[in-house]
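**Student:** The lines below spell out each chain.
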Amino acid sequence: MRPSTSHLRDLVGKRDFYAGGLMLLLGLGIALKGATYRPGTLMHMGPGFFPTALGVLLVILGITIAATALASSAESAEHGESILPEHPQWWGWFCILMSPVLFIFFGRYFGMAPGTFACVTIAACGDKQATWKSTIILATVVTVFGVGLFSYFLQVPMPIFTWWGSQ
Amino acid sequence: MIGQSLTDLMYGFGVALEPHNLMFCFLGVIVGNMVGVLPGMGPLATISILLPLTFGMKPVAAILMLGGVMYGAQYGGAICSILLNLPCHPPHAVTCLDGFPMTKQGRGGVALGLTVFASFVGASWGITEMIFLSPLLVRAALQFGPAEVCSLMLLGLLAGSTLARGSPIKGVSMTVLGLFLGSIGTDLETGSERYTFGMTELDDGIELIALALGLFGIAEFMTSINQVAPITGKYTNVSLKDMRPTMAEFKRSIFPMFRGTIIGSLCSLIPGTGPTIASFVAYATEKKISKTPEKFGTGMIEGVVCPEAATHSSVQGDFIPTMSLGIPGDAVMALLLGALMIQGIVPGPQLISQHADIFWGLVASFWIGNILLVLLNVPLIGIWVKMLAIPYRYLYPSAMFFVCIGVYAANNDFFQVGEVVAIGTFGYILLRLGFHPAPILLGFVLGPRFEENFRRALLISRGDLGVFVERPISAVFVGMCVILIGSQIYFRLKGSKPPIEPSLHPHETNAAPITAEMRTPAE
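Sequence order for the protein chains is A and B.
Heads up: the first sequence begins at 1 in the working numbering, then just goes up one per residue.
Heads up: the second sequence begins at 1 in the working numbering, then just goes up one per residue.
Derived by calculation from the structure, the hints in this document are not laboratory data.
Be aware that one or more of the hints could be misleading.
For lysine-lysine, the following DSSO-like pairs were computed, each having C-alpha atoms within a straight-line distance of at most 30 Å [unchecked claim]:
#1 A/133 x B/241
#2 B/241 x B/295
#3 B/494 x B/251
#4 B/251 x B/291
#5 B/241 x B/251
#6 B/295 x A/128
A quick note: this is a predicted structure, and the numbers were derived from the prediction, not measured.
Isolated chain A, as found in the complex (with noise of 0.2 Å):
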């Protein structure tokens, strides 16, 4: 038998124990905010009653994981598999999220050209083998396909070159 400190450090390190967690809060946050709905009776249900028993239904879910988590403590080396993968890549999770977010503004502001280059650059940038070179080249292809393909074949309604964003 370990002692216990180790067992409780074997749970906190356990994946399914956040897993359960996440659920767990989630469920709660749904069914605390569904409950601020009208209910209804269940002949004349009213919009809090379906997502209110949903959160209930998933702080359950939630607490089952969490608990199996707990019950399955001895085999804990085969469900040792950390949150964190074992290269975190936060620079290319960055670059990646950071597409869409660049993609708005330049897209909203200075149209569909430069939404896609500036949206297509910093995605490139996340790859840890990308040079400026390959990158510029990567993005400049695909701005001209983009374009082409959405703005003159599928007619997406998306200035191609505007200044801040005037029509």
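Let chain A serve as the given structure and place chain B on it in line with the hints.
**Tutor:** Chain B in isolation, oriented as in the chain A frame:
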């Protein structure tokens, strides 16, 4: 009845062969095949990325094209798994087991050639099944009241989430989360806003495209970035004449092909058991029947054709509940159904009669599309093989652009591009916590209709929950749900999973590196 179906089928061919529709079917197949070949792009990612291209089209053309994209992507995935040992889509995991050893022996071409043929056989049977079973199912489904629809949906949701890969409890949690996400926005009956937090952009709910691209696009790219090993082009020299099997090989694969087809179609009849389970069962069966089971894993052609035939026959079979009842069996079907809903078509048993052109056109286009695929895959194999060599660092930035513009094009709204960032981040966290996000999509698509029918059923029964077990048909569905949950608990307590997954374990040593989409299977 049969005569009626055949007449309708002829009508369907008329629709599908209209030059306009034929062109989009062709386009869908070729683009789907092309994108599907790319490593890391399974059918879910491919369909969600290409979905925005269909916004401007008529519903028939759009669904024909998306259908083409779907099975094109599946054929493409087979190429990827046989030549590179990279299963982009979970059903192909077993194809790798014997397909890749064949490639190493220089017989990859033969494996590909017979795969194309086996897929065609499997798909043809699935389509035939669809032609004759769907109208029967519709006739039964038209008798359904809200209580029956509701408990049938419950069964579909439960089966879809518990029988898929991974932990059943986690699967159910994802489904519940999906149902909740579907309820965001204006409540259909009372018109009051739910969970919008004052953002008027959320009044119409979360956009399906944003959800799909966030979960299967951005979250996937975050998993794969800087993790994808460069692909060795060592085995990828396949030319047309390599694909021709010898007579002996052909003879060896005929029976496995038919067995796979039957297994696939049986699996598609059980709700929730989609192509993944079908292919696993097919492989296990083939191994059991074989006189030389020990040779499996070393390049047996039977181990390639049988699961491939099963996959394709079961995918076609999955269309039956999707189109005739409006209840999709897995996330791929949910996405296609969502695409129909974007086009303003209400899914359900009335779809076949009200939109006969869509249903029968789709059925006919499956056949046309599958023939096109056979014709395309044989001469174009060289091009597909070259596409395998596109490095990931060019792939995902381009795909990011498609994600952004695709979400924008859904409603010409930048807010939804922001949604995709939030959903993508959340999806990645879920992936890291060991959840498979695919059931979210299932719950999301079915959610609003589930709630509506639930409310209506209870309104009719004057608030009596007993209505779900008092009506006989509904009681059967509820009973099946109980059996499903009961068996899951039983397997859990017994400490073993349902007997499908262990069959793979002896081969784990030569199994493929798990790619991104393996972790979010389409089921």
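**Student:** Tell me, which hint numbers fail for this structure?
**Tutor:** Checked against the structure, the hints that fail are numbers 1, 3 and 6, while the rest are satisfied.
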